[in-house]
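Student: Sequence:
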Amino acid sequence: MKWVTRERPKIDRIACPWLIARFIDREPEFLFVPPGDVLATARDRSAIPYDVPDVELTHVGEQCSFDAFLSKYRLDDPALAELAVIVRGADTARPELAPQAAGLLAISLGLSYNFRDDHEMLKH
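The sequence shown begins at 377 in the working numbering and counts up one residue at a time.
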């Protein structure tokens, strides 16, 4: 399946492809496009959009896109639930949710700084 989101991924848009590839879609194709092109790309390429406004797999209330994937695909592993708290804390500027959230944010920003190619960044 194809999945599309905004280019230059950070936290949630790094965690979601990891989750997709390991638990949802064994052969995913990720598309990273300018923010204004996500919905058109989803339509034109038959891709599932995520982490953009007005789509199913996005932030809802205080939860982030990672949470939306867990809910939609009924991934109820306790380790994934714990990871979701870390991702949510880092992605929504609430590092108090988990002590690891600040570290995840730092790693995410470092990856973005060091890799200009989004697909190459996901390999690390």
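No lab work stands behind these hints: they were computed from the structure. These figures come from a predicted structure and were not determined experimentally. Worth double-checking, as some hints may not be accurate.
Said to hold, decoys possible - 30 angstroms max Cα-Cα, derived BS3-like pairs, lysine-lysine:
| no. | residue 1 | residue 2 |
| --- | --- | --- |
| 1 | K378 | K499 |
| 2 | K448 | K499 |
| 3 | K386 | K499 |
| 4 | K448 | K386 |
| 5 | K448 | K378 |
To be verified - Label pairs and their calculated CB-CB ranges:
| no. | residue 1 | residue 2 | range |
| --- | --- | --- | --- |
| 6 | D420 | I400 | 30 to 40 angstroms |
| 7 | E472 | S422 | 18 to 28 angstroms |
| 8 | D453 | A416 | 33 to 43 angstroms |
The beta carbon of each residue, even a glycine, is placed where N, CA and C say it ideally should be.
Student: Take the hints in turn and mark each one as holding or not.
Tutor: Evaluated hints:
Restraint check: the Cα-Cα separation between K378 and K499 comes to about 17 angstroms, which is no more than 30 angstroms; the hinted pair holds. For the suggested pair K448 and K499, the alpha carbons sit about 25 angstroms apart, so the restraint of at most 30 angstroms is met. Restraint check for K386 and K499: satisfied, since their Cα atoms lie roughly 14 angstroms apart, inside the 30 angstroms limit. Restraint check for K448 and K386: the C-alpha separation of about 22 angstroms stays at or below 30 angstroms, so the hint holds.
Simply put, K448 and K378 have alpha-carbon atoms about 17 angstroms apart, close enough for the 30 angstroms limit, and the pair holds. Taken as a hint, the range 30 to 40 angstroms is violated for the pair D420 and I400, whose Cβ atoms sit roughly 22 angstroms apart. As the Cβ distance of E472 to S422 is approximately 40 angstroms, the hint placing it in 18 to 28 angstroms is violated. As the Cβ distance of D453 to A416 is approximately 34 angstroms, the hint placing it in 33 to 43 angstroms holds.
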